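K.L.:
Letter by letter, the chains look like this.
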Amino acid sequence: MSEVIYMGEKNKKLSEKIEELSGEKITLCEQCGICTTSCPMADDMDITPAGIMRYSQIGDERVVDSEAIWICASCFTCTVRCPRGIDLAKVAEALRELNLRKNVDHIDVNHLDEELNELPAIAVVSALRKFTS
Amino acid sequence: MQKFPYYPGCTLKQTAKNFEKSAIASARAIGIELVELPRWNCCGAVSSLTSDEIMRHVAPIRNLVRVQQMNDEGMLENEYRLITLCSMCFNVLKRSNMVVTGDAEMLHTINQFMDTEPDYEGTVEVMHFLEILRDVVGFDKLRARVKKPLKDLKISPYYGCTLLRPKEVGIDDAEAPTIMENFIEALGGEAVDNPYRSLCCGSYHTVGENKKIVAERTYKIINAARRNGADVIITSCPLCAFNLDNRQKLTKEMHPDFEYMPVLYFTQLMAIALGKEEDAGLEDNFVDPRPILRERGFLGVKQ
Chain Z
1 MSEVIYMGEK NKKLSEKIEE LSGEKITLCE QCGICTTSCP MADDMDITPA GIMRYSQIGD
61 ERVVDSEAIW ICASCFTCTV RCPRGIDLAK VAEALRELNL RKNVDHIDVN HLDEELNELP
121 AIAVVSALRK FTS
Chain B
1 MQKFPYYPGC TLKQTAKNFE KSAIASARAI GIELVELPRW NCCGAVSSLT SDEIMRHVAP
61 IRNLVRVQQM NDEGMLENEY RLITLCSMCF NVLKRSNMVV TGDAEMLHTI NQFMDTEPDY
121 EGTVEVMHFL EILRDVVGFD KLRARVKKPL KDLKISPYYG CTLLRPKEVG IDDAEAPTIM
181 ENFIEALGGE AVDNPYRSLC CGSYHTVGEN KKIVAERTYK IINAARRNGA DVIITSCPLC
241 AFNLDNRQKL TKEMHPDFEY MPVLYFTQLM AIALGKEEDA GLEDNFVDPR PILRERGFLG
301 VKQ
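Chains as they are written, first to last, in the numbering used here: chain Z, 1 to 133; chain B, 1 to 303.
Hint data in this document are derived by calculation from the structure and do not stem from the laboratory. Be aware that one or more of the hints could be misleading.
Unchecked claim - Simulated restraints, written as ranges between beta carbons of each label pair: (1) VAL104/Z x LYS220/B: 31 to 37 angstroms; (2) LYS12/Z x GLU253/B: 37 to 43 angstroms; (3) LEU112/Z x GLY188/B: 39 to 45 angstroms; (4) VAL109/Z x LYS249/B: 44 to 50 angstroms; (5) TYR260/B x ILE5/Z: 26 to 32 angstroms; (6) GLU105/B x THR37/Z: 37 to 43 angstroms; (7) MET114/B x LEU100/Z: 22 to 28 angstroms; (8) HIS111/Z x ASP140/B: 25 to 31 angstroms; (9) ALA104/B x VAL109/Z: 34 to 40 angstroms; (10) LYS102/Z x GLU105/B: 46 to 52 angstroms; (11) LEU116/Z x THR178/B: 37 to 43 angstroms.
This one's a predicted model, so the numbers in the text were calculated from it and none came from an experiment. Glycine included, C-beta positions come from ideal geometry on N, C-alpha and C.
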């Protein structure tokens, strides 16, 4: 049984926005799931990497609000393995940017005070780059 | 001495001073002088991956301009191969270099923006020190320079992400790399297999509320190394090093059965093998590698 999903204007717009920002053709995804089985962070995600792709394809807003896009640490394992040649790390980055470009930070820098002395610069810089606008 | 331009990055001047110190001494021992870029700046640590991003490529490219200037000003003689030690700096600099050299319009925009700098001409090749050892020096020649072979020392290589991925940036096969294993063998050590050698350590999740993600990865990676008989782990990334080394404390709190294992920069073992023990910076590691190295006879009696 196949099911036809009719996308509304809003869904279409979100899907196109993700494609534009990531530069990736997300409709190529066939839901094989290699990304999910390869992802070292999948256990800690609320939706799987393949789920991120599916929601992105159909322009489902829940993907933008998911925790999974912040758990992705751009390790590029899925990117290397995707048989359709999709750079999923770019898709996750686009989804994070959709939040960050509304000027909403994902971490509160003011709560890092006690840690800043012990952390390596590389950790602080990369976390701020990924979590703040 | 063969001179190469060298980009340290922020962390090698901070928590990873032992990485820099041991690398400079090791390089010198094999006839390479690492000439630090004048007025370098932070590369940004992570690449910006969105298609419309230009601004964040400026910082990496500015560093590449310094390499051109060093050549123009006679600090170097026609040497455009830039050496990096930190895996993340390597990845970011190489990636930005690839982006702008493949996009003339973007390069033009960046050059226009950096109006007080000379234009970047796309002449720099970003290389990791391990690549220099493999492709320029050669592991055979490195082996010939070893004074104290790391005989019977079982070493688990940890590649992490940014040395290998994405494919177009990686220094070796993304799925089946051998460069670290060959490096270990050149030093006379024994490379131990670790199925998690290129599993992400959790990276910047070490900052903030999710650091348990990192501790769980550390548990997994180090236990696998131990099961396979490893004495120590080596890495080339100061963030992986912090997560695998310093975060062992949190790992132990979460898993009382966990046992500590020393985690070293690959250059620290290299310095020891090349007879530069005094520059290995072993006193700065969180889990002290000296007891096991002394027990195996790789360190002098007094340290």
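K.L.:
Work down the list of hints and note, for each, if the structure agrees.
P.N.:
Hints versus structure:
1. For VAL104/Z and LYS220/B, the hinted distance range of 31 to 37 angstroms is satisfied, since their beta carbons lie about 33 angstroms from each other.
2. The beta-carbon spacing between LYS12/Z and GLU253/B, approximately 49 angstroms, falls outside the hinted interval of 37 to 43 angstroms.
3. Roughly 43 angstroms separates the CB atoms of LEU112/Z and GLY188/B, a value that falls within the hinted 39 to 45 angstroms.
4. Hint check: VAL109/Z to LYS249/B, Cβ distance near 24 angstroms, so the stated range 44 to 50 angstroms is violated.
5. Taking the beta carbon of each, TYR260/B and ILE5/Z are about 52 angstroms apart, not inside 26 to 32 angstroms as hinted.
6. The given range of 37 to 43 angstroms is respected by GLU105/B and THR37/Z, whose C-beta atoms sit roughly 39 angstroms from each other.
7. The given range of 22 to 28 angstroms is respected by MET114/B and LEU100/Z, whose C-beta atoms sit roughly 25 angstroms from each other.
8. HIS111/Z and ASP140/B have their C-beta atoms about 52 angstroms apart, which leaves the hinted 25 to 31 angstroms range violated.
9. Taken as a hint, the range 34 to 40 angstroms holds for the pair ALA104/B and VAL109/Z, whose Cβ atoms sit roughly 37 angstroms apart.
10. Distance hint check: the CB atoms of LYS102/Z and GLU105/B are about 28 angstroms apart, inconsistent with the given range 46 to 52 angstroms.
11. Evaluation of the 37 to 43 angstroms hint for LEU116/Z and THR178/B yields a pass: the beta carbon distance comes to about 38 angstroms.
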